[in-house]
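*Asks:* Sequence:
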Amino acid sequence: MVVGEKSLLLYITVDYHVLQVVGEKRLLLYSPVDSPHLYPHDGSLLNNTAQVDPEEPDYQTFPNFKKAIAWECHLKSGEMLYIPPKWWHHVRSLSTSFSVSFWWT
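The sequence shown begins at 63 in the numbering used here and counts up one residue at a time.
Hints may contain errors.
Said to hold, decoys possible - In silico EDC-like cross-links for lysine to aspartate or glutamate, where the CA-CA straight-line distance does not exceed 20 Å: (1) Lys148 <-> Asp104; (2) Lys148 <-> Asp120; (3) Lys129 <-> Glu86; (4) Lys148 <-> Glu134; (5) Lys68 <-> Asp120; (6) Lys129 <-> Glu141; (7) Lys128 <-> Asp96; (8) Lys68 <-> Glu86.
Simulated from the structure, these hints should not be mistaken for lab results.
Construct all of the structure, not just a fragment, from the sequences and the given hints.
*Replies:* Structure, rendered in structure tokens:
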């Protein structure tokens, strides 16, 4: 990822590990309990992806997002983060970076 690049807010249904190889990333994590406040897309294709942008939320359209509690984590080179199944995560690259993700059931 290049500096400033970001991901959508989403979750994965299996155990998920992120190994930061180079650079630094910031992750925002949300518990599955907050799912209703994150406005997942309807339907089966994108139901693991939120409609709201956690960095620039539109509170007019997504008023309950204010109820969601974010856990912020900074990953640096050599660090690994475990994300449990169905925990929402949003990633922003704070520097030119590279990470490796591992997930399994």
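*Asks:* Hints first: check each against the structure and report whether it holds.
*Replies:* Each hint, compared with the structure:
no., hint, result
1, Lys148 <-> Asp104, "16 Å, holds"
2, Lys148 <-> Asp120, "23 Å, violated"
3, Lys129 <-> Glu86, "28 Å, violated"
4, Lys148 <-> Glu134, "17 Å, holds"
5, Lys68 <-> Asp120, "17 Å, holds"
6, Lys129 <-> Glu141, "30 Å, violated"
7, Lys128 <-> Asp96, "10 Å, holds"
8, Lys68 <-> Glu86, "12 Å, holds"
Hints 2, 3, 6, counting from the list given before, are not met by this structure.
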